[in-house]
Amino acid sequence: MQISPDQWILYEWRGLALNATVVFTWGVMALLVLISWAITARLSEGTRISRWQVMLEVVVETIRDQIADVGADRPARYLPFIGTLFLFIAASNLLAVVPGFRPPTGSLSTTVALAACVLVAVPLFAITERGLRGYLGSYVRPTVLMLPFNVIGEVSRTIALAIRLYGNVMSGTVIAGILISVAPFFFPVLMQLLGLLTGLIQAYIFAVLAMVYIASAARTRPAEAAGTPDDTETGD
Amino acid sequence: MDDYSLWIAAVSIVTAGLTIAIGSIGPALAEGRAASQALAAIAQQPDASNTITRTLFVSLAMIESTAIYCFVVSMILIFANPFTEIAAQAAGG
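If you're matching them up, the sequences are chains A and B in order. Quick note, the first sequence lines up with residues 1 to 236 if you use the working numbering. Quick note, the second sequence lines up with residues 1 to 93 if you use the working numbering.
Worth double-checking, as some hints may not be accurate.
Said to hold, decoys possible - Covered, in the sense of this in silico footprint (three residues per stretch, anywhere, with C-beta under 8 angstroms from a C-beta of chain A), are these stretches of chain B:
| id | segment |
| --- | --- |
| 1 | 16 to 22 |
| 2 | 66 to 72 |
| 3 | 75 to 81 |
What the hints assert, rightly or not - Using C-beta positions, here's what the derived DEER-type ranges look like:
| id | chain 1 | residue 1 | chain 2 | residue 2 | range |
| --- | --- | --- | --- | --- | --- |
| 4 | B | Thr84 | A | Ile159 | 21 to 31 angstroms |
| 5 | B | Leu6 | A | Pro80 | 20 to 30 angstroms |
| 6 | B | Ala88 | A | Gly137 | 31 to 41 angstroms |
| 7 | B | Ala48 | A | Leu32 | 55 to 65 angstroms |
| 8 | A | Arg42 | B | Glu85 | 53 to 63 angstroms |
| 9 | A | Trp37 | B | Asp2 | 52 to 62 angstroms |
| 10 | B | Phe79 | A | Asp65 | 21 to 31 angstroms |
To be clear, the hints were calculated from the coordinates, so they are not data collected in a lab. Beta carbons: idealized from backbone N, C-alpha and C, even for Gly.
With the sequences and hints as input, model every part of the structure.
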């Protein structure tokens with residue numbers, strides 16, 4: 001049994017193997033780009049709004065509200081990154097019901113790449129928000145003794161982010177494969193339905209956790225903001 | 001199939017079963033506890049149910065990832081065990 005789409009080689013040219021992960025990743029990306037391009041090419045501000053534009057507005061609004069709920073001051077700043085993560089993971093998980101499609105998120109390479117994006121994005125957002133000194137200072141807070149634990153925590157949560165998504169999507173595929181060989185027709189369909197729910201929740205979790213990491217690194221601590229008198233955002 | 005590969009396969013299968021069996025006890029208890037607390041909180045303050053539900057989903061996924069790690073380890077033991085290849089090379093060469 002192939003537990004990863006990495007092992008499924010679709011095309012090979014002089015030792016350069018093109019595996020299913022790469023092909024389906026580009027497929028999902030092309031699908032997302034085509035849909036967004038087709039909708040945004042005919043945007044209207046009047047009273048006659050196409051139903052596709054309504055759908056896109058609902059998606060973008062919901063993602064922005066969720067980012068604001070997590071605690072970011074300016075959601076529009078994080079919307080492109082978090083929204084892209086969510087839409088890509090959700091699209092590739094939901095397309096798992098299409099026959100012949102293997103979700104690229106079921107491969108450890110894809111999820112590690114996505115988690116590495118989060119690992120890089122956290123210091124980028126934090127430094128632009130608080131400055132280099134403020135970001136590096138958060139590592140030695142409350143004492144210098146916490147420095148190794150903060151660094152380990154940074155790395156281990158990235159690994160956890162990658163393995164969580166990979167394990168959830170991969171387990172869906174493996175369980176469906178086992179059930180097809182044991183009890184065909186009915187049970188695999190139920191597991192596929194459960195897999196749709198799990199896939200959507202996992203996409204949500206990934207995006208929310210990325211946002212939580214970014215928000216906690218980019219938020220100004222109350223001690224630093226003590227000089228500003230009417231600052232209500234820095235509580236908790 | 002020589003002796004060493006057989007032993008490695010047997011130990012891997014038993015360990016994979018033990019991994020997922022023991023490793024799912026903790027997350028199962030924790031998820032039940034988290035869900036019951038969330039239900040009690042929603043019953044007490046129905047207005048805050050949106051926030052509670054969202055936090056519940058996030059924390060359930062984080063708790064569940066412990067079980068998922070065990071699942072990944074047992075899958076590696078069964079389908080992608082690195083030691084079977086080493087044993088096969090040692091037997092062959």
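Hints and how they fare:
1. 16 to 22: Per the Cβ count (0), the hint is violated.
2. 66 to 72: As far as the segment 66 to 72 of chain B goes, the hint holds, because 4 residues have Cβ atoms under 8 angstroms from chain A.
3. 75 to 81: holds (count 3)
4. B:Thr84 - A:Ile159: 21 to 31 angstroms: Distance hint for B:Thr84, A:Ile159 holds at roughly 25 angstroms.
5. B:Leu6 - A:Pro80: 20 to 30 angstroms: violated (54 angstroms)
6. B:Ala88 - A:Gly137: 31 to 41 angstroms: violated (53 angstroms)
7. B:Ala48 - A:Leu32: 55 to 65 angstroms: violated (34 angstroms)
8. A:Arg42 - B:Glu85: 53 to 63 angstroms: Holds, since A:Arg42 and B:Glu85 (Cβ atoms, about 56 angstroms apart) stay within the stated range.
9. A:Trp37 - B:Asp2: 52 to 62 angstroms: holds (58 angstroms)
10. B:Phe79 - A:Asp65: 21 to 31 angstroms: The hint (21 to 31 angstroms, Cβ to Cβ) is violated, given that B:Phe79 and A:Asp65 are roughly 41 angstroms apart.
In this structure, the hints that do not hold are numbers 1, 5, 6, 7, 10, in rising order.
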